[in-house]
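Undergrad: Here are the chains, one letter per residue:
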Amino acid sequence: MMTNFQNVDEYGRREFIAHAAKACLGVGLMPMAGSYIHDSVKALTPGARPAAARHVIYLNMTGAMSHLDTFAPQIDNPKLMHDVKAIPTSADGVVLSENLPLTAQHMHNASVIKTMVSSQGAHQQASYLMHTSYLQRGTIVHPTFGSWVAKLSGQINRTIPMNVKIGGGGGGAGFLEAKYGALPIGRPGEGLANSKMASYLDDTMFQNRIAAAEKLNVNFTAEYPQKQVRAYSDLYRDAIKLMKSEDLNAFDINKEPESMKELYGTTNFGQGCLLARRLIEHKVRYVEVTRGGWDTHDDNFNRVAANCVDIDKALSGLLLDLEMRGLLKETLVVLTSEFGRTPVPNGRDGRDHWPYCFSAFLAGGGIKGGVMYGDVDETGRSPIAGKPIKPEDLNATIAYALGLPLKDVQYSPSGRPFTIAHNGEPLFDVLA
Amino acid sequence: MENHFSTYLPNRNEMMGKGLLSLLIASFLFSSLLANEPFRVFKTPSGKSFEGKVVGYEGQTFILTNKSNQLFQVPFNALSNADKAYLVEGVKANRIPKGRPSPTSTAVTTGAKGVDFHSEIMPILQQRCNDCHKAPYEENGRTKKPKAGLRFDSYEWLMKGNDGGAIIEAGDTDASILFEVITLPPDDDMIMPPKGDPLTADQIDLFRRWILEGATEKPSGKVAPETVAETSPTKESKDESEMDDTIRKAPPKKKQTFRPGSFFAHVVVPLGVSPDEALAKIQGSKPKPGEAIDFDRHVLPILEERCNSCHHAPFDRSGRLVNPKASLRFDSFAEVMKGNLDGPVIVPNDLEKSRLYSVLNLPEDNDLFMPPKGGPMNQEQKDVIKRWIEEGAQPSKNTVSATKGGIPAPDEPVSFTNHILPLLEKRCLNCHGEPYVKNGRTIKPTAGLQLDTYEMVMKGNLDGTIVSSGDPTVSTLYQVVILPDDDPELMPPKGDPLTEDERTMIKRWILEGAGEQPAAEAADPNAVPKPKEKKELASGTVDAKLSVLDVLAKRVSVPSKTQIQAAQKTYALVTQLSERNPLLRAEFSSFAGEIDDTAIGALGGIKNNISHLDFSRTRMTDVAMRAAGGMQHLTWLSARNTLVTDNGLKSLSPLKFISYLNLSGTKITDRGLKDLYPMKTLKEIYLWGSEVSENGVKDLRSALPDAKILF
Chain A
174 MMTNFQNVDE YGRREFIAHA AKACLGVGLM PMAGSYIHDS VKALTPGARP AAARHVIYLN
234 MTGAMSHLDT FAPQIDNPKL MHDVKAIPTS ADGVVLSENL PLTAQHMHNA SVIKTMVSSQ
294 GAHQQASYLM HTSYLQRGTI VHPTFGSWVA KLSGQINRTI PMNVKIGGGG GGAGFLEAKY
354 GALPIGRPGE GLANSKMASY LDDTMFQNRI AAAEKLNVNF TAEYPQKQVR AYSDLYRDAI
414 KLMKSEDLNA FDINKEPESM KELYGTTNFG QGCLLARRLI EHKVRYVEVT RGGWDTHDDN
474 FNRVAANCVD IDKALSGLLL DLEMRGLLKE TLVVLTSEFG RTPVPNGRDG RDHWPYCFSA
534 FLAGGGIKGG VMYGDVDETG RSPIAGKPIK PEDLNATIAY ALGLPLKDVQ YSPSGRPFTI
594 AHNGEPLFDV LA
Chain C
-18 MENHFSTYLP NRNEMMGKGL LSLLIASFLF SSLLANEPFR VFKTPSGKSF EGKVVGYEGQ
42 TFILTNKSNQ LFQVPFNALS NADKAYLVEG VKANRIPKGR PSPTSTAVTT GAKGVDFHSE
102 IMPILQQRCN DCHKAPYEEN GRTKKPKAGL RFDSYEWLMK GNDGGAIIEA GDTDASILFE
162 VITLPPDDDM IMPPKGDPLT ADQIDLFRRW ILEGATEKPS GKVAPETVAE TSPTKESKDE
222 SEMDDTIRKA PPKKKQTFRP GSFFAHVVVP LGVSPDEALA KIQGSKPKPG EAIDFDRHVL
282 PILEERCNSC HHAPFDRSGR LVNPKASLRF DSFAEVMKGN LDGPVIVPND LEKSRLYSVL
342 NLPEDNDLFM PPKGGPMNQE QKDVIKRWIE EGAQPSKNTV SATKGGIPAP DEPVSFTNHI
402 LPLLEKRCLN CHGEPYVKNG RTIKPTAGLQ LDTYEMVMKG NLDGTIVSSG DPTVSTLYQV
462 VILPDDDPEL MPPKGDPLTE DERTMIKRWI LEGAGEQPAA EAADPNAVPK PKEKKELASG
522 TVDAKLSVLD VLAKRVSVPS KTQIQAAQKT YALVTQLSER NPLLRAEFSS FAGEIDDTAI
582 GALGGIKNNI SHLDFSRTRM TDVAMRAAGG MQHLTWLSAR NTLVTDNGLK SLSPLKFISY
642 LNLSGTKITD RGLKDLYPMK TLKEIYLWGS EVSENGVKDL RSALPDAKIL F
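Residue numbers (my numbering), protein chains in the order written: chain A, 174 to 605; chain C, -18 to 692.
One or more of the hints may lead you astray.
Selected chain C positions facing chain A (in silico; Cβ < 7 Å) [what the hints assert, rightly or not]: (1) Thr423; (2) Ser570; (3) Gly574.
BS3-like, lysine-lysine: derived pairs with alpha carbons at most 30 Å apart [what the hints assert, rightly or not]: (4) Lys580(A) / Lys319(C); (5) Lys542(C) / Lys580(A); (6) Lys580(A) / Lys419(C); (7) Lys48(C) / Lys29(C); (8) Lys541(A) / Lys689(C).
Just some of the chain C residues that point at chain A, by a computed CB distance under 10 Å [stated by the list, open to error]: (9) Arg422; (10) Phe572; (11) Ser597; (12) Arg621; (13) Asn622; (14) Tyr641; (15) Gly646; (16) Trp669.
By construction, these hints were calculated from the structure, which means they are not laboratory data. No residue lacks a Cβ here, since even glycine has one placed at the ideal position from N, Cα and C.
The shape of chain A in the complex, shown without the other chains:
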């Protein structure tokens, strides 16, 4: 309900036209076309620094990934680790858990922050904090990080949205303009819904309708030969163009060869990562891929190992694929979770919630390779070396790599000031 009320403000002429077009013309991709008439001025406004990375793929492990059994294993500590071993990686002095053998070969391109901390120990609140850098409040909906990135960095490819979220909802623009919010894609294999011409509408009929609309507009456009008026007819033209555009293919992973699908793994998450790569190729700014199933209160060790088969293959496939295409240089890949899990297993061989220490994996554009930041004491409970890195610090680090102005203030409808990473400080130790 909250979101709906706030959207009322956002429902400007542009959206109205877009929705009207959708209703009258059968043009299905209008929400995106609405963002097509972007203010190119914004895109022209350069960031504070040259951007080291231009795109983000954010792999969100929901349910709280066990950091000990993945990116921050304890060495020779069977009390905490049971029989999960640490393995060497392609970077000197960096170890990962044996659950991630493929990812280990990419650590020379990646950093791991071992000292992540969160103030929230419940999934929803912690996830909200990770995504928005602000604590959840009843009075406001904060923009998600992807929306901030879209807002502050602008659109590169004007034919598709800037911000996409694969698997799972959320990703809303909060009080920012709705067009910066994430386009949700439920299942990667199904691509983008409602983007094809309606089946009952053959090409002649469609052309007739467009012609009729233009005829109706003749007098109006003659009377008001203004830029804004022309922009609306451009909107129709571009939307039609887009329906036939090859950029729609970006959403269709069936265009990929089987070998590529194999590389990422045929799971939902693997295919989501493949779709993310396709979108990045088409210059989408921010893609989040969600993978659940980490809330391992019992049978932690088997379930994490099973999950890791999936994410290890998908993550290493993604890094390899981006690298081969020369895209890793400008794409920042993040993998993290809303918090970690208790170092000491509970009575059911499970691990419970642990926000006091967890880890984040960063790779690619703007990130130093082979860095293991910080250290954790031998009880695995809390950081002993390195700064504690809060969610806002992580987001500030990503925003810094993207060259975005950390101090740029955006105002909510009630006039309160907000910034992209809520005064978080970039962690320069992991930035190249």
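Use these hints to put chain C onto chain A, whose structure you have.
TA: Relative to the frame of chain A, chain C by itself:
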């Protein structure tokens, strides 16, 4: 109908917490006045009844009292006809007195000597204080505690005070915090009550008398003297604020004075200070004729005596920070020179602009006349300040390093905190301060250069650092302040240029190592600088600290909006690399599949600015590669998934800075790779999905051993 019998409270507050005492007094009073009126049953037309007797009336409202002496007011019309008739008769016969029963307090105080706590102080507390300072109570399931832990709902609680101690000191208004806070000026943060009007002069006087009389629960029998104001016959004609002042203030404490020659009257001389100097400092403000005015010895004592009670350093009073008035502090040289948001109050050599001096000479009835209390400064004091300004408003000679601002002596090392920073604050921070938000827009420091801390000064901006420790000749900070007066680049751009002394000070600071802490030894600003080896900037090889992009950025000018718009005609997106970097990134990402070689022509006008070119996924061919070859500052080129061929690579040979080349998904073969052999600047080459062979890549690797080559 029942609400017609709403409780009538003679003085609402008197009833609430006071309890039996006032009731007894009230009942005594009323029963003696109205002995004739009997108790009877009053009825309403709806049948409700109430037993009581009438004690007075006012207009259509009758005041009744019941057997337990509670008072009620009843509208005439709410009563039954029989009652109405009875009341009319009573009024006609003068049995029922006109008017409400008068408050009890006056009756009591006239009886006993001194202020009575329960009838005079308590009502004020109840009315004005008990909203916040009362017993803890529950609201919405939460226990609300009294503010500041202070409860004023009984004598005991009032005298108890809170954790910070008692708030009433019997017999001493000055030491009674309660009295202090109710007598503060109305705009003070601490004034109590914080809401509504301040207590009236009469109420304050009650408190004053009560405290002076011993702050007892029962009247003490003593009677405190009236204040001057109350007996003054000209009270009415006096200015209101003045009147308030005299009433609020407790009788002034006697200032301790010592007989001349007594032990205590001697000056305390700190160890290591010459007794003459210490004496001069205390006896202070009288410079010998012909002696230059010294700030610490002559000016500061005057300020301390006449200004510092308002223009003091912020201090903590009862947990609240008390800030100086008008944000002006006159407790040290640096603070005096700092002025406030309206600007400096001292302009050396300029009496008219020196507000500190001009306010002393205003007519006394002017609002801005200073000091507002205690009469004007005497002529001698004014003269000292005047002479000090005329002599240049210099700091004391012997205390420069301890105070901020000013110029260090030639043999004293320059301190960043005490010398450089105050100068920057004075002359640079208007433009080079911290970013701030104004009207919803973030105002950033000019040129991305922030000079408000040591770190920021040393950091410089995207053009590089501005301070090169030990070498003023390459330190931009120094170079821009010593330019000729008519040079447009001279800093500060507004106001006078820096003085020779200030310039020398910056130069010396840099020569001394530009540290945050002062160096051990002062440097000689006139010494001949050591010749330094200049690094040759060969094409492609750059200073490790500066990236290629930073260097190239200096070679091109900022493109105009028109140029960029022209370049974007063909669906290209052209963006500046960053705010401060005029290099451009040009990419053809929208509708890429429909873009062919004709589109690249639009970039011609900005080709020297382009450092990043991305035409991946378009239908561009070797023609576009030829255009790219003409972009002399290109560092990054993506021709991924395009129609370029081996012939196109030949066109890239003029590129002297290119480090990233993406040819994946093209028709490039081993033959074309040979053209890349001489391009030693290449660091990354992507050939995946092209038609090169393993052998071809092997040869390329041996030609470019440092490059990362993926295929």
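Undergrad: Compare the structure with each hint and give your call.
TA: Here is how each hint holds up against the structure:
no.: 1; hint: Thr423; result: holds (6 Å)
no.: 2; hint: Ser570; result: holds (4 Å)
no.: 3; hint: Gly574; result: holds (4 Å)
no.: 4; hint: Lys580(A) / Lys319(C); result: holds (29 Å)
no.: 5; hint: Lys542(C) / Lys580(A); result: holds (25 Å)
no.: 6; hint: Lys580(A) / Lys419(C); result: holds (13 Å)
no.: 7; hint: Lys48(C) / Lys29(C); result: holds (17 Å)
no.: 8; hint: Lys541(A) / Lys689(C); result: holds (16 Å)
no.: 9; hint: Arg422; result: holds (8 Å)
no.: 10; hint: Phe572; result: holds (6 Å)
no.: 11; hint: Ser597; result: holds (8 Å)
no.: 12; hint: Arg621; result: holds (7 Å)
no.: 13; hint: Asn622; result: holds (9 Å)
no.: 14; hint: Tyr641; result: holds (7 Å)
no.: 15; hint: Gly646; result: holds (8 Å)
no.: 16; hint: Trp669; result: holds (4 Å)
The structure fails none of the hints (numbered hints given earlier).
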